[in-house]
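**Student:** The task is simple: from the sequences and hints, build the whole structure.
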Amino acid sequence: MKCESCNKRHATVHLTEINGDEKRERHLCEECAQSLNNPLVKMPTPADILSSLINQVAPEIGEMSKTTCPACGLSYLEFRSKGRLGCPMDYTAFKKGLVPLLEKMHGASQHIGKVPSRAGKELVVKNEILQLRKELDKAVEKEDYEKAAKIRDRIFELSASEDKKDEGTLQQNG
Amino acid sequence: MNCPPAKIKKMRELYSKTGEWLRGTGPESDIVISTRIRLARNLANFPFLHRATEGQRKEVEKLVREKLKEATLTKDLHYVKLSEVSSVDRLCLMERRLISREHAGGDGERGVAFGKSETISVMVNEEDHLRIQVIRSGFELRDAWKTIDEIDNTLEEKLHYAFSPRFGYLTACPTNVGTGMRASVMMHLPALGLAHHIEKVFNAVGKLGLIVRGIYGEGTQALGDLFQISNQFTLGKSEVEILEIMEGVIPRIAGYERMARKALITENKEQLEDRVWRSYGMLKVARMLSSEEAMHLLSQVRMGVNLGLINDVSMETLNELFILTLPAHLQKLEGKEMEANERNVIRASYVRKRLGAFQ
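Going down the list, the sequences are from chains X and P. Each residue of the first sequence is one higher than the one before, counting from 1 in our numbering. Each residue of the second sequence is one higher than the one before, counting from 1001 in our numbering.
Any given hint could turn out to be false.
[To be verified] Quick list of in silico lysine-lysine cross-link-like pairs, DSS-like style, CA-CA up to 27 Å:
hint : chain 1 : residue 1 : chain 2 : residue 2
1    : P       : Lys1062   : P       : Lys1081
2    : P       : Lys1116   : P       : Lys1062
3    : P       : Lys1207   : X       : Lys138
4    : P       : Lys1058   : X       : Lys82
5    : X       : Lys138    : P       : Lys1146
6    : X       : Lys134    : P       : Lys1146
7    : X       : Lys142    : P       : Lys1207
8    : X       : Lys126    : P       : Lys1062
9    : P       : Lys1017   : P       : Lys1336
Source of the hints: derived by calculation from the structure; they are not laboratory data.
**Tutor:** Right, dumping it as structure tokens:
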């Protein structure tokens, strides 16, 4: 279909104008449509299209786009385009963007499992509690209440020792 | 780059035998060839490798190499600097699964340490600073985990790992973060392939958070009906939980394969026998064999041995042939570089010799 205004180029913009009861269809090429100055036909710029696409796929990018790791200098955008992080610090610097990403990737964003002994006993305990909570859920699901009670007691035991330590650090800090 | 003669001799010794994990022993070994666990670890005070300068890379390599020697993980740990050996040597190490395809093809300062039995290896400067790996013959997840956990503890005393309470062991790629653990089980599934059931298995496995890959890892083809099944997620589940999932799934797949084999033997016995014996015959008489064809034929014969149809060749020999007939190994056995055609002739001749056929 040819553009009804210039009658030369291919019509790619199709408008329906409604004036009262009157309905009118117009078929224009992109240039003629632009010159009509109709706000509806304003073409989005490639940048607009890209950012709307990115927003759909990875909503955190807009917010994180200006973040750069202070340790290695990697920007969040570079990380997202290459898929590789630059240094261990990035996990802290990009935390806000990483958490939803990890949730999507692993279905979780909290580590449960081995802890290096160097990281300290408290962390080992914390992870054990996380692990036990999961087991507790499983036991309840299976209606194994005897086991659940045992796990619950163990969690209380561990949490009590944790709280004591927390108080200790609070006092130190305060 | 030229190798010092002593190193060449040592490398040649390596290629004439295969690692212990190919012995064809261990639980479910009729179907599970081997179990492998790897841990990805990084040093806290260095950038990840792809952001490291040449100098930092060298520093990491030197530091890890020295600590590996101090740690005495096994009494006969052998360290190979990959920048100092030929590309065929690197391919050989890859074919033996001591290093990954990426590590063989990469560049810069990097290395691998492995024990004589080849059940333990540590890649230095692969995608992460350290990739620790343990391989066992058969289905031995617990045993492999116990060993690798101990190695990891030993190394952890000497190296400061990058770790965060929230995200676990920090890795260059977020797909490995958390436990940094990838457990994979190599399975031989010819009957499921013949019965066109393999897709079903893969779909079911996918729902449980496991993935299926070719024998040399990500993006590689499944040759000779060999598949690697491994955990997809590394974050949010403990190492043992991940292993428990696999322990629940792998024996079922093995059971499914056995059922498919049984069905083949009861419903199409002649056809199956014909297929197995033809494959055996081909291996014994062929004058040229491509790597893919050899893998395919060996796969059929392996199934024949498992089903008791063939009993004059050992599982170990077949498992070994899977590795020793690969391109880089053949070139090492012959002691020269060869084009594909020449390799095919040498491969056929080597297979005939190993199977005790007419020359």
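**Student:** Checking each numbered hint in turn, tell me which of them this model violates, lowest number first.
**Tutor:** 8
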